[in-house]
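**Student:** Note that the protein sequences, when read in sequence, are chains A and B. With positions in the first sequence counted from 1, the corresponding number in my numbering is that position plus 2. With positions in the second sequence counted from 1, the corresponding number in my numbering is that position plus 52.
Possibly wrong hints are sitting among the right ones.
Claimed, not checked - Below, computed lysine-lysine pairings styled on DSS-like, alpha-carbon distance capped at 25 Å:
(1) A:LYS55 / B:LYS118
(2) A:LYS39 / A:LYS99
(3) A:LYS129 / A:LYS99
(4) A:LYS39 / A:LYS51
(5) A:LYS99 / A:LYS125
(6) A:LYS39 / B:LYS105
(7) A:LYS129 / A:LYS47
(8) B:LYS105 / A:LYS125
(9) B:LYS105 / B:LYS118
Simulated from the structure, these hints should not be mistaken for lab results.
Each chain is listed here by its residues.
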Amino acid sequence: MRPLLVLLLFASAAHADAWDGARAACGPELFSATARKQLNYVIRKHYQKEEAKIPALNRGWSRQGLGPEQRARRAFAFRRALRLECRRMMREPAEVKLVCQRDRKKYGDPNGPTFEWLVRHAKETLKTDDLNAIYENIVVTAEKSNRLVNVGVWFLSWKEWALNGFSGEVKEK
Amino acid sequence: MSRLSRCLRTEVRWDESGDDERPYRASVGGENWSLRLNDFPAQPLYTLFVGAKEIGHVEDWPAAWKRPD
């Protein structure tokens, strides 16, 4: 009985250390004692469902008379809050740490692109200084590009199901 | 069974690569495997490569794979 207890205490301490490492890489805003932990697959389905609301929200903001910059900032804030909510739901501290390290290197921020990064990126991609075009691009681009990836994932997941039984976790190339 | 399914069922001991974009690598049967980290949650967390060939996306860590110590 005692060796089992020692093993459990050791495993618990190691897990706490792993979360400390993730906290150091990501900053405190990514952590919540009340967030419900889920599989990555479930988290991403939640992200897709929520992000799909942006076009309707954008139409509502337009009806309210908001300009391109205000709508782009709202879409950005919505997407970033959703990104953080989803990352708080991740179960594995090593993976939380990895995504934060990746984002810090790519965007200069552990929790994803900043609004300024997106403006710079859209300028380079669209090869324009037309701010209205850039702001419109920020509202819709991520939604469009991710939709393309995800349609591929869903199609190939069903192919996977047809061939091998559904795992819901993979995309075959 | 597809190649990706076979890969997910293969016992693999991964090592850290030191590369933030592709943080894990492994040698499996003489082949070089690597895992690319994607823009999660907008995209699947990992993409598996065998050599230079993209095999597919991996959402959750397979039970047969062992993370680096």
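**Student:** Now look at each hint and say whether the structure bears it out.
**Tutor:** These are the hints, each one checked on the structure:
no.	hint	verdict
1	A:LYS55 / B:LYS118	violated (37 Å)
2	A:LYS39 / A:LYS99	holds (15 Å)
3	A:LYS129 / A:LYS99	violated (34 Å)
4	A:LYS39 / A:LYS51	holds (18 Å)
5	A:LYS99 / A:LYS125	violated (30 Å)
6	A:LYS39 / B:LYS105	violated (32 Å)
7	A:LYS129 / A:LYS47	violated (33 Å)
8	B:LYS105 / A:LYS125	violated (32 Å)
9	B:LYS105 / B:LYS118	holds (22 Å)
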